Structures are given as structure tokens and as C-alpha cells.
Amino acid sequence: MELLQNYELRLIKQANQGDRNAFREIVEDNKKKIFYLAFDFTGSIQDAEDLSQDVFIKAFRSLHTFKGEASISTWLYRITLNTFLALKRKKSFEIEKNQAPLDESVSADPVFPGNPSTGNPETYAESRQMQMHIQQALDTLSPRERSVFVMRHYRGMPGKTVGELLNISEGTVKSLLSRAIRKMQNALGFYRDSLDLGMEVQQ
Amino acid sequence: MRKCKKIKDLMPDALNDNNVLPQAELRKLREHLKDCQRCSEEYKKLAALLAVMNKRQRPQMSDAFWENYSLRLEEKLDAAEEVKEQKSPAKIFNLIDWLDGFDFKIRWVLYPLTAAAILVVGIAIGLYLSHQPGKDIMNTAVSSLRRLSPAVAEHFDNVLPLLLDYSNSSPQQTGNSPEENILVEKSTVKKLLLENQLLKRVMTKNNNISVNELMNELELILLELSNDSGDSEETRRAVQRFIKENNVLFKMKTLEKKDKQTLAI
Ligand SMILES: [Zn+2]
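Line by line, the protein sequences give chains A and B.
Each residue of the first sequence is one higher than the last, beginning at 1 in the numbering used here.
Each residue of the second sequence is one higher than the last, beginning at 1001 in the numbering used here.
No lab work stands behind these hints: they were computed from the structure.
Incorrect hints may have been included.
[Unchecked claim] Derived lysine-lysine pairs resembling BS3-like cross-links, with alpha carbons at most 30 Å apart:
| no. | chain 1 | residue 1 | chain 2 | residue 2 |
| --- | --- | --- | --- | --- |
| 1 | B | K1028 | B | K1008 |
| 2 | B | K1034 | A | K160 |
| 3 | B | K1005 | A | K183 |
Bear in mind the structure is a predicted one, so any value in this text is a computation, not a measurement.
Take the sequences, apply the hints, and build the full model.
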């Protein structure tokens, strides 16, 4: 832990002194984490690309503000969160999304598990449909509800950390989470019967 | 009742795959669920929802995507740095004034060509300096060149001969044979124009500003050449003179050569 912190502080220090390689190392260490966090926030590959790259650009410009109280990834999470919420506030995201052409390499067919070429077509169709419903359920959430759900449930972050990242109390995190859950239960209510089976409380 | 509220708060964590709930809390929850019908129902409902949400799939991006991801980021960083640099004044000296001395019609060609020429000189200087040890300042110019995508480099390869043809062609005179009057093939120009537009669309967001600008400028040139007025004598002479005076072709060839070398790294 101590070692990791030293390593990160050294990286930040070097990057801050203009060492592009040190910054590259930070990017390499974190790009997948941040991209997938951005993907969970936005739900699209192109938006995840844009958002996560914005995050690294902002990070690059604010290297001098990193004081080392948190890990680099927590620092990047915070930037991701703030950038996402700011984008949503400006409401420019949708417009931008519609205008921006997909980069060649970005649109390069991402391989989803359950790709038609690998599984049987019916399961694939079924799973595609479920993916669509999940996406729709996530889309019913406000940006803050969504980020709380993503960080609490998908990332398993403690409520305290999420509260710190969002500058809100742990209590507010809790109520945002239960609001998110209620909304998604409404959106996905039709799955309940089929999934209720076998969902007995494990004793 | 108050206990139920507390238990409800524990539920999402109890159903979290990341083992976030301490064992003691988990036991408390289970004890409560045995006795409380309402919480038990609530818990089942939540479990069903989260089971669905856990089926969420995330795209698996290829290795090439991740490799390019870093390159795309570097290009954006370079572009951001360039914008910063461009804000410093007195970079383009008196060229604009010089250009304004020309007729409007000629200017549309000269502006892009000048911009392209400035770019080429800048990159050439960058390349020159990069061969000297310890010249970190020029890293951005050089590295942005190194990351010209193969498709763009190939496109430049295709456009350069056309510009060469165009600038070497002799004035249209009635006395000349048709061969001597030959200008660039319209179909070739149109093909290159399309290629340019497609590449531009692909690169819009990711490439660095100077390459984007160059593409914009090439598009203007190609557009004009594909027009009926493209082979007008006036335009041609202005372009030719400009090319000669500024060694544009020489620089472009140098760039192309350097470009290939760096691409090969
Ligand atoms: Zn209860």
C-alpha cells in the first residue's frame, strides 16, 4: 500500500513536471477502468470514449492539484463523475452524440458476450432484448441516481466514498440509491415473475 | 418499524457481488428477514431486480481499440497544447496582409495553400530539431506527425501527385497540343475529394488540429479543382507562382519522405 502510494506520487510528480511518459503510464494503468465507468454512466461506446478521454485531458491539465490524499484512480473517478454530471447539466450530450460521427476504430464491432456468431440465435436475441431493457431502466435514472447506482452496485464502492465523490452526505447517497432502485423496479417490473423463482433468501 | 428501515438500507449491499457488507450486518439482516414478512418480500423484489441488472453486458474492446485509445488521447492532448500555443501572437507574421493583396478569387486558393505551407515548414523544422538530442519542445509537432494514421498518410500520397501535376502543367494556350493542356482528371479529383471527406469525417474528433486543418484545406482545393472553373487560367497561374515561390512541392516531398520514415518506426 505504502509502495503503491509512493509509486503514484512519483508518477504524478514526473507527469506534473512535463514528463509525458509518466502521464502515459497513468493513462495505461487506468484507461480501462475509466472507460468502463464512463460506459456505465453513459451507456454508449462513443460517449464512453468521449467522456473518458475528456477525463484524461482534464487530469493532465490539473496534475498540479493532485495532492495524494486519494489514489490516482479515485482522483480520476471524481473527475469522471464531475465531467459526466457537468455534461448532463449542459444537456449538450445528446446533441453532441447525434452530431459526432463514430471514429472508425471506435465503431469497430465490439464483441459482446452472446454475439450471434458464438451463441445460439435465440439466446442471443433474448439477451439482446434484455440488454435493451436494462439500458432503458438505467436511462430512467437521473444522472446522480445513475452514478450512485453504478458506483455503489456495479463498483461496490462504500456509501461513504460515493458521498465524498459527490460532495453529499452518506444519507443522501442512500436515498438516491433507493430512489434509483424504485425507478428501475418500475421499469423492469415485468421481469419479476420470471426471475422470482429460485430467488429465495439464502439462509 | 424503525428496525425495518435500517434493514432496508442494508439490502443493496447484501446483494452486492463485491462482498461489501460485513458479516455481522449480514447476519443481522438474515435474522430479521426470518421474522419480518414485509422485509422478506422487499428483499426478494430487490434481489430479482439486481439479478437482472447484473446481467448487463459491457462491450469487450479489442486490443487494437485500446492501443488506438491511447493514440487518440495523445492527439487530443497535442491539439489542446497547440491551441494554447496558437494563442500566442505574432505567429503568422504578415502573411495575412500579403495574402489580402490578392484578388478574392485567388485568395481562396492561397489561404489554404499558405496554411498548408506553414504547416509543412513547421513540421519540417520539428523533424529537423527532433534529430538533435534534448530538444523536447518540438516533441508535439513530431509526435503528431508520427501518428498520422496510415489511411491519412496514404491519402496524402494520393493527393501530392495531383498537386504536382497541377502545378507543373503549362498555361492553356490555343497553340498548345491537347496533351500539353491536360489538367488533372476530374474523376480523380472527385475520387480524392470523396476520400478526403470520408477521412475527415472519421478523424473529426480525434486527430490533431493541424492535420484536420490541412484536410479542410485540401478539401477546399479539391472542391475547387472539381468545379468547372477549376482549370481557369487565373487560378492556375496564382497557384503555380505561389507553389514555386514557397517551395511548396519540395517541402511536401520532404514531409512525405519524413512521414514514411516516422511511420515505419
Ligand atoms: Zn422488517
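Hint numbers not upheld by this structure, sorted from lowest to highest: none
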